[in-house]
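K.L.:
When you get a sec, could you build the whole thing from the sequences and use the hints?
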Amino acid sequence: MGEYVWFHDVSWHASYAIYFFVIGICAGLSFLSYGSWLTPALRPLREKAAYGSFVLLALGGLLLIADLSQPLRFFNVLNPAYLSFTSPLAWGSLNIAAFGVASVLYVLALNKGDEARGRLLATVTALLALGLPVYTGYDLAVHQSRPVWNTPIMPVLFVALAVASGSAVGSLLAGANEAAQKVLHQYMLWSTAAVGVMLVSILGTTHYGGSASELTFMIMTTGTMGLIFVGAGILAGTAAPVALLLAPMGRQQNGLMLSALLILVGSAALRYALLMGPQQLQTLY
Amino acid sequence: MSEELRVSPIETRGVAGKRRFAMVVDTRRCIGCMACQVACKAEYDTPLGVNRTWVPYKVVGKYPNVKRQFLPRLCNHCDDAPCVRNCPVEATFKVEDGGFILQRYERCIGCRSCMAACPYNARFMLPSHRTYTPITNVVDKCTFCFHRVTQNLVPACVQTCIGRSRVFGDINDPKSEVSYLVANNATQVLRPEEGTKPHVFYIGADRNATEFGRDAYHKPEVMEPERSAFKRNFKI
Ligand code: SF4
Ligand code: SF4
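Chains as they are written, first to last, in the working numbering: chain X, 1 to 285; chain G, 1 to 236.
Everything labelled a hint here was simulated from the structure, so no lab data went into it. Predicted model only: the values in this text are computed from it and were never measured. From the three backbone atoms N, C-alpha and C, an ideal C-beta is built for every residue, glycine too. Hints may contain errors.
Residues from chain X shown here face chain G by an in silico Cβ test under 10 Å; the list is partial [claimed, not checked]:
hint, residue
1, Ala-90
2, Ser-93
3, Ser-211
P.N.:
Written as structure tokens, this is what we have:
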């Protein structure tokens with residue numbers, strides 16, 4: 001009724017969610033490739049996961065740069081004279097750059113069949129890969145005025161999402177390899193369950209929070225955003241695959257494939273909703 | 001007490017030898033003519049669809065006792081500004097002498113971190129459809145009219161304000177008008193809980209206007225058709 005507000009836009013658009021999704025799988029695959037050095041069952045995935053991770057890094061990097069309104073100034077972020085270490089994005093860019101270099105060296109070592117160097121580079125790559133979901137989560141968590149984002153659990157949630165979606169892609173790549181699927185079954189189950197626990201905790205604290213939190217909770221659980229967040233993200237993409245993986249069917253290949261697909265759909269929906277939902281309220285302030 | 005509490009080294013309020021500019025907006029005197037918005041647009045060639053300052057209103061009260069509650073808005077030139085912390089390339093920075101939060105347009109990469117960090121929607125992306133000024137596709141915001149203030153002029157919005165609702169000055173100077181107003185009136189800042197230490201002080205701001213409305217979830221219907229038409233036609 002009789003009200004005048006100005007047109008405010010959200011700061012980060014949906015393309016950023018695609019970046020989160022791609023870079024999460026990239027990190028997850030990197031963990032798997034590293035895992036193959038410790039768990040013999042994952043050995044057949046070593047090269048596939050490393051190459052997949054590398055391709056997704058290139059794709060994610062391009063998405064990230066294309067999302068800047070001044071894409072050609074991307075190198076400003078790597079300019080030591082400009083870098084501001086109070087910004088998570090600065091750390092993130094350094095992390096991505098270092099991960100890119102390590103990935104190239106790792107892929108080269110794998111091509112050469114250099115076992116000793118491969119093992120070392122797999123460790124370095126996986127450690128740097130850990131930084132990718134950590135920095136993306138931290139990038140959201142630092143914004144003190146945004147309910148849902150502003151929780152220290154956000155980087156951990158993004159790590160769990162990366163493990164879940166990386167293992168899901170790994171499971172799709174592993175096909176009929178039973179030994180690998182057995183390990184991936186565990187990875188998918190526990191990482192998705194961890195995502196579920198963190199989501200419940202985030203939803204609970206948001207619901208109990210102040211007026212901004214309360215309104216954000218309403219935005220995220222009703223309407224189209226509710227359908228994406230609760231419907232696709234929590235029910236279909238987290239609860240359903242956990243239930244499926246616990247059931248006997250979840251140990252068979254069809255059940256695993258279905259769980260993997262659900263996890264991928266769910267983790268894409270969650271990233272979208274977690275990015276866009278908490279931005280809606282402030283556009284009205 | 002809380003006004004004196006300085007937590008972050010970037011803060012300059014009350015630091016001897018430094019100026020710290022602030023604005024006082026006396027909402028009781030604002031008549032909602034939006035002349036400040038127009039003056040700002042003229043000063044900076046701010047393109048269509050975005051604003052450095054804007055004057056939203058809410059109709060409050062029950063018929064027949066209703067009134068429009070205006071709340072002129074702009075960048076708060078926060079003393080501990082989250083936008084500055086969040087910029088990865090220091091394209092957003094604080095001018096120590098005066099406390100202006102300014103932009104380096106030639107350095108900004110357009111990552112919009114600062115927009116996400118600002119709790120007040122004070123920042124916007126300059127669209128490419130700009131008429132006279134070649135600065136486009138970078139983030140912009142109110143500068144407290146840095147170029148005018150450093151020439152001993154007041155900001156364009158203050159100069160034009162017909163109700164003398166907007167008052168500008170150095171709050172570190174005890175003899176300034178803003179110091180007097182802040183010392184002698186109950187003032188509010190927007191979203192103080194964010195710890196940003198805003199330097200736009202409101203007198204008589206109704207909490208209906210300064211808080212998230214309960215109706216935030218039900219977007220104001222009157223504006224929705226215009227809002228979606230605008231978004232269709234202008235890519236910002
Ligand atoms: S109001 Fe927003 S843009 Fe202005 S200084 Fe504060 S945080 Fe930065
Ligand atoms: S959009 Fe520009 S000013 Fe804002 S944080 Fe990014 S580089 Fe800094």
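K.L.:
Could you run down the list of hints and mark each one as holding or not?
P.N.:
Structure-based check of all given hints:
Interface hint status for Ala-90/X: upheld, as the beta-carbon distance to the closest one in chain G is roughly 4 Å, under 10 Å. Proximity of Ser-93/X to chain G holds as hinted, the smallest CB-CB distance being about 7 Å (cut-off 10 Å). With its C-beta approaching chain G no nearer than about 5 Å, Ser-211/X sits inside the 10 Å limit, and its interface hint holds.
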